[in-house]
Amino acid sequence: MTDYEKKQLLDSVLGGDELAGARQASLEGGLRALRRRRQGRTAGLSFLIVAAALVLLLPQREQPVTVVQEQAAPAAPKFERITKEQLFALFPGRAMALVGKPGEQELVFLDQQQTANR
Amino acid sequence: MSEAATNSVLALRLPEISPAASSGVAGLTRRLARGDEEAFREFHGLYFSRLHQFLLVVSRGDDAQAQDALQETFLRVARSARAFESEEVFWSWLKVVARNAARDCGRRQLRYFSMLERFTRHAEAVVPNEGALGDLIEETMAELEPDERKLVEGKYLEGDTVQQLSTECGLTEKAVESRLLRLRRHLRERILHKLKTQ
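If you read the protein sequences in the order shown, they are chains A and B. Counting in our numbering, the first sequence runs from 1 upward without gaps. Counting in our numbering, the second sequence runs from 1 upward without gaps.
None of these hints come from the bench; they were simulated from the model. Predicted model, so just to flag it, every value in this text is computed and none were measured. There are no misleading hints in this set.
Computed, partial: chain B to chain A, Cβ under 8 Å:
{"#": "1", "residue": "Leu56"}
{"#": "2", "residue": "Gln71"}
{"#": "3", "residue": "Phe74"}
{"#": "4", "residue": "Leu133"}
{"#": "5", "residue": "Ile191"}
Just the calculated beta-carbon pair ranges, DEER-fashion:
{"#": "6", "chain 1": "B", "residue 1": "Gln198", "chain 2": "A", "residue 2": "Gly16", "range": "14 to 24 Å"}
{"#": "7", "chain 1": "B", "residue 1": "Asp104", "chain 2": "A", "residue 2": "Gly16", "range": "23 to 33 Å"}
{"#": "8", "chain 1": "B", "residue 1": "His186", "chain 2": "A", "residue 2": "Ser46", "range": "48 to 58 Å"}
{"#": "9", "chain 1": "B", "residue 1": "Arg30", "chain 2": "A", "residue 2": "Gly21", "range": "22 to 32 Å"}
Examples of chain B residues lying across from chain A (beta carbon under 10 Å, computed):
{"#": "10", "residue": "Asp36"}
{"#": "11", "residue": "Arg41"}
{"#": "12", "residue": "Gly45"}
{"#": "13", "residue": "Asp68"}
{"#": "14", "residue": "Thr140"}
{"#": "15", "residue": "Val152"}
{"#": "16", "residue": "Leu192"}
Think of the CB as a built atom: it goes at the ideal place given N, C-alpha and C, for glycine as much as any other residue.
Isolated chain B, as found in the complex:
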């Protein structure tokens, strides 16, 4: 991954974390800095998805690399956590840690392509726009058939149960579960593909 690409995605806007988490960030980071295991579990629960999504964009849709970088990010946070007074500053620090972890993992994984990278580094990389993932999910959802979109929205936005959805769609519960799984995989693959080709 080029330096230009990793730097540019720093400006990326991802869905904000809940205000409750934001208000408690000072206490959480203080406990983290003291080495409190419960605080680390809490931090992991709050930031796992957000960091994963950030790293997916940084690694341009390479999920394996994003997951490696994610592991490394959590290790680095555990090793060097310190207290932060605001969520905004904490998230900025986390992004720097995650980006550096991604760069280091990328270096390890992509040593083979280092020469190629050297040749292409000077070229201006096309980087994801701000809010790329948010835009991508909206775009990919719009590509679904209306009944598929209704199923996904019903399950993941409206909180409908499989039983309710099966009644609404006139399908068996097993069929609903199967379609949901397939749709989720399809959406995931489309988003990762778009990140790669963007």
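So that you can see chain A by itself, here it is in the shape it has in the complex:
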């Protein structure tokens, strides 16, 4: 008897109708496990995508907060640049002079000195 003939006989003798239930059950069970595996893989992939999206989006969400902080920070008094003439005009009738290098000048009231000297 050849190997092929033995296989044919074994398949017929051992794999008859008695195995029909086991055949069907193992097929269905395997297919269910396969679907669960696929679903698990899809769920894992979805989780990774969501996690990646969160990682990418979170710093962007924080950025507006820092912008707000930056805008709120310069709440210091505002300065307005004026000319020498505008400055002198603020003190009419007073004797005064700007002393020092440009950019570091000080306004000195000359009549006050006089008063002090007196």
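We have chain A; now place chain B onto it with these hints.
The following block gives chain B in isolation, referenced to the frame of chain A:
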């Protein structure tokens, strides 16, 4: 079932699968690994009988245990299938999966005998020879009466129809069907018995 017994049957030679299936194993296992349901149906169709016969030998003729292990094997394959380039390697992997499934099912079923097993584990178990099932079917066929053997060979090897066999044997078709069923059961029982007592 003892560890020695499960390890030893790994060397068992069972009838080879068709070359067509062998050549397509790389594609089949790749699809299986991707979770392709059609691939699983194909795999199930190709390997069901082969795995069942392997597990019958592993469980030493205990068909109930072999069927439980078979269910578990298909579940495990579905859960952890991966790609294989050659049929030989794939079959080796399947044998490991099936053997582990049989061992785990055996543990569950035979917890009651665990102590007995512990006492007998050290003893060298008599294990089936290589090609045990092939030898057993040949041996069991030789035990049949010539007319019975002719009937079985005509039906399962030569592909004769029941009608042809009834003409050849001078029996009614119903009688041929009945004798074939009885002979098939007899052969099955003899093979399982021999596996148990081997």
